[in-house]
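Novice: Those protein sequence lines, which keep their order, are chains U and E.
Going by the working numbering, the first sequence opens with residue 1, and the numbers climb by one from there.
Going by the working numbering, the second sequence opens with residue 1, and the numbers climb by one from there.
No lab work stands behind these hints: they were computed from the structure.
No experiment lies behind these values; they were computed from the predicted model shown.
Hints are not guaranteed to be accurate.
[As the list claims (entries may be wrong)] In silico DSS-like cross-links for lysine-lysine, where the CA-CA straight-line distance does not exceed 27 Å:
hint: 1; chain 1: E; residue 1: K217; chain 2: U; residue 2: K217
hint: 2; chain 1: U; residue 1: K370; chain 2: E; residue 2: K370
hint: 3; chain 1: E; residue 1: K158; chain 2: U; residue 2: K356
hint: 4; chain 1: E; residue 1: K131; chain 2: U; residue 2: K285
hint: 5; chain 1: E; residue 1: K5; chain 2: U; residue 2: K158
hint: 6; chain 1: U; residue 1: K147; chain 2: U; residue 2: K157
hint: 7; chain 1: U; residue 1: K158; chain 2: E; residue 2: K230
hint: 8; chain 1: E; residue 1: K269; chain 2: U; residue 2: K370
hint: 9; chain 1: E; residue 1: K5; chain 2: U; residue 2: K217
hint: 10; chain 1: U; residue 1: K230; chain 2: U; residue 2: K158
hint: 11; chain 1: E; residue 1: K45; chain 2: E; residue 2: K131
hint: 12; chain 1: E; residue 1: K356; chain 2: U; residue 2: K157
hint: 13; chain 1: E; residue 1: K269; chain 2: E; residue 2: K239
hint: 14; chain 1: E; residue 1: K356; chain 2: U; residue 2: K370
hint: 15; chain 1: U; residue 1: K321; chain 2: E; residue 2: K70
hint: 16; chain 1: U; residue 1: K370; chain 2: E; residue 2: K5
hint: 17; chain 1: U; residue 1: K131; chain 2: E; residue 2: K70
hint: 18; chain 1: E; residue 1: K157; chain 2: U; residue 2: K131
hint: 19; chain 1: U; residue 1: K332; chain 2: E; residue 2: K356
hint: 20; chain 1: E; residue 1: K282; chain 2: U; residue 2: K147
hint: 21; chain 1: U; residue 1: K158; chain 2: E; residue 2: K70
hint: 22; chain 1: E; residue 1: K147; chain 2: E; residue 2: K158
hint: 23; chain 1: U; residue 1: K257; chain 2: E; residue 2: K331
hint: 24; chain 1: E; residue 1: K70; chain 2: U; residue 2: K217
hint: 25; chain 1: U; residue 1: K356; chain 2: E; residue 2: K269
hint: 26; chain 1: U; residue 1: K157; chain 2: E; residue 2: K230
hint: 27; chain 1: E; residue 1: K331; chain 2: U; residue 2: K356
hint: 28; chain 1: U; residue 1: K147; chain 2: U; residue 2: K131
hint: 29; chain 1: U; residue 1: K148; chain 2: E; residue 2: K370
hint: 30; chain 1: U; residue 1: K45; chain 2: E; residue 2: K239
hint: 31; chain 1: U; residue 1: K331; chain 2: U; residue 2: K370
hint: 32; chain 1: E; residue 1: K64; chain 2: E; residue 2: K45
hint: 33; chain 1: U; residue 1: K285; chain 2: U; residue 2: K230
hint: 34; chain 1: E; residue 1: K230; chain 2: E; residue 2: K131
hint: 35; chain 1: E; residue 1: K45; chain 2: U; residue 2: K332
Residue strings, one per chain:
2 protein chains.
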Amino acid sequence: MEFLKSLSPSESLEIIESFSVDPKTEIVSIDHALGRVLSEDIIAKDDVPSFNRSLVDGFAVVSKDTVGAKETSPSFLYTRGTIHVGEEAHISLTPGTAIGISTGAMIPHGADSVIMEEYVRRTSDGIEVTKSVHRGENICFIGEDIKKGSVVLNRGKKINSFDIAVLSALGHEEISVYTKPHVAILSSGDEIVSIRETLTPGKVRDVNRYTISNLLKDEGALSTFLGITKDNLEDITKKLSSVHGFDMVLVSGGSSKGERDFLTQSIKKLGGSILFHGINIKPGKPTIFAQLQGMPIFGLPGHPASCVMVIIRFVFPLLWKIQGRNRVERKKIRGILTTNIPSSIGVEEYVRVEIKEHEDRYYITPFFSKSSVISSFTRASGYVVVPQEKEGYEKNESVEVFLFS
Amino acid sequence: MEFLKSLSPSESLEIIESFSVDPKTEIVSIDHALGRVLSEDIIAKDDVPSFNRSLVDGFAVVSKDTVGAKETSPSFLYTRGTIHVGEEAHISLTPGTAIGISTGAMIPHGADSVIMEEYVRRTSDGIEVTKSVHRGENICFIGEDIKKGSVVLNRGKKINSFDIAVLSALGHEEISVYTKPHVAILSSGDEIVSIRETLTPGKVRDVNRYTISNLLKDEGALSTFLGITKDNLEDITKKLSSVHGFDMVLVSGGSSKGERDFLTQSIKKLGGSILFHGINIKPGKPTIFAQLQGMPIFGLPGHPASCVMVIIRFVFPLLWKIQGRNRVERKKIRGILTTNIPSSIGVEEYVRVEIKEHEDRYYITPFFSKSSVISSFTRASGYVVVPQEKEGYEKNESVEVFLFS
């Protein structure tokens, strides 16, 4: 057996994030772009709006004509037709006149503002304006929303509903995105049985398969489940040897030393190499990172809670890189600890917590549960990271909570 | 024309949320359950784990046998075989003996703790234990994760990855969820053209169609786009008369008074009724809520930014009800305003903001952009609500930001 020193979380992440990947791209309709990652900058090919638009129902005017106008001494303007929404403004405005205009309609040449209907009294041949307007009032100018030639969305951005709004405003029916990473999932362990099977003494159901595939789905990746392997070199090697063409391989299980050894041995037997074995974290220490035929492989802890934390902290960063995403900010919130969190120096610890709001402040209460316990995740809102160099946190300390969603 | 008073946001929500809905249910595989809403409580039919499990590699012992054990005066125990992971523990432990056990394996009858391998020295016929263990140490007990008979997930919960982990731990292959709401989307306006068409002067592309369908998708609903109607009673009535079997209808457009009137008239002509017309909010005032053949209809403002805010604040609560969801907490964060937000009394105002973190605090900077401007949403993290009774917020005030995602 080979001796490999456990790495610090930052050393591990450095190795993980420097893994060489080659994101592919594809063209998708904007109807299917939500949650995908842009593989090119989007540069505005038009101004939005493409003409000066009225923001209200009223009259297009020259603002100077309304100077000093009020209820008791209105300005009089002759009216010269109406511009309807959707039509080109063919008439031009001359000083002393006003043109009727509806919300969204094109501002006529010569006008520099729109007076709202509410501040207008109609006469037989014109209008009395009872309030002055300033230059530009009630107009959305050409390019005020989006300027032609500007970079509106950056390569590497995960596309949300608002980004699609911008793409549609610019007339993009299709865009280029990175292909979804495809991850192979393998469960290992003599005790693991499919959830379809009846549970006999000593056996447990394959929880990690579902946790992993759904965490990946939520993060925008595809996965294929390759089955459950037994805890022996032959079976693991056989399964691993048939894994081709995936962007990543996740093997969960191997909580005992023997099992972990089978995984590293089989990877080496197949010509791969172990990049590290063990991270100074709790839970999740017995994590393996390796490469096999250019694919990154994680050996994840079998305990469901450990498995989740390693995915969130160490697998996601590589997934983001494969997705072509820009630097991803983890969602977090600050709050006050309601109780101490003890921890050991030299280990980065992840503690699930609950968040409660009271009088404009957030109060953070840790769950102290064993690494095999999964149910506490459904009640937790996030987790606190106790860094390696800290002996825990104290009650009433302000801490950062990384949110699960 | 009928006069209908604008309502306060809370009066509007009361009418919206009291709309009678009838959520349907369906059975889905847990492979397709992510993001769906549970239509039944999940009661644990098993204990998880279903047997006492070892959390470490080591020896199952009686804790009393290790009292006082240390490096210099170890306790001696005879070894009696090994229990492997995945197998039933057929041997029983008697005081004075130890049974080898691996992580995840079944604790034998008679043992009450596990001593880690690290604190054991092997002899020819037994082990020397160099550290005492307390009762229960390194064991995950039957039902410690999930207790048989307990309610583990509640009806109305939106299912996340961890919930699926719990469902798989309990052996649920399928669950009952509410069917996804199906929403009809209609764009109205003489200026609106499909994004496929070339933009001619006076026309704008149909942005709302995409914004609406993606906001709905993100919230777990399906949508069908029914097309673009012209601004006249005949066209709107014709389109609306063919809308059947949807859970909700969203008509966007109608920023000018004439257009809004066509929508209300056509709903009434078809036998529907207007429940309210106008909410005291900014942006989004000209919002219509109506019912037609039992379906709720929203007339949404045409300005993209107004449309988004009305969907988030007023359409989502009804969507959640149709989805059968429990009370949904909107995601939010508190921070310090970097500048004043002026607002008028009598109107609830929504102001898009950017959030920056600096030295453990969040700083909130508003974007002041016109209601027709959509691009600022892609840069904003959320929005601040200025309540009706407030004349805005002041710089350095602590405010709540509702997050867009």
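Novice: Could you check the structure against the hints above and give me the numbers of any it violates, in ascending order?
Specialist: The structure breaks hints 2, 5, 7, 8, 9, 10, 11, 14, 15, 16, 17, 18, 21, 23, 24, 25, 26, 28, 30, 32, 34 and 35; every other hint is satisfied.
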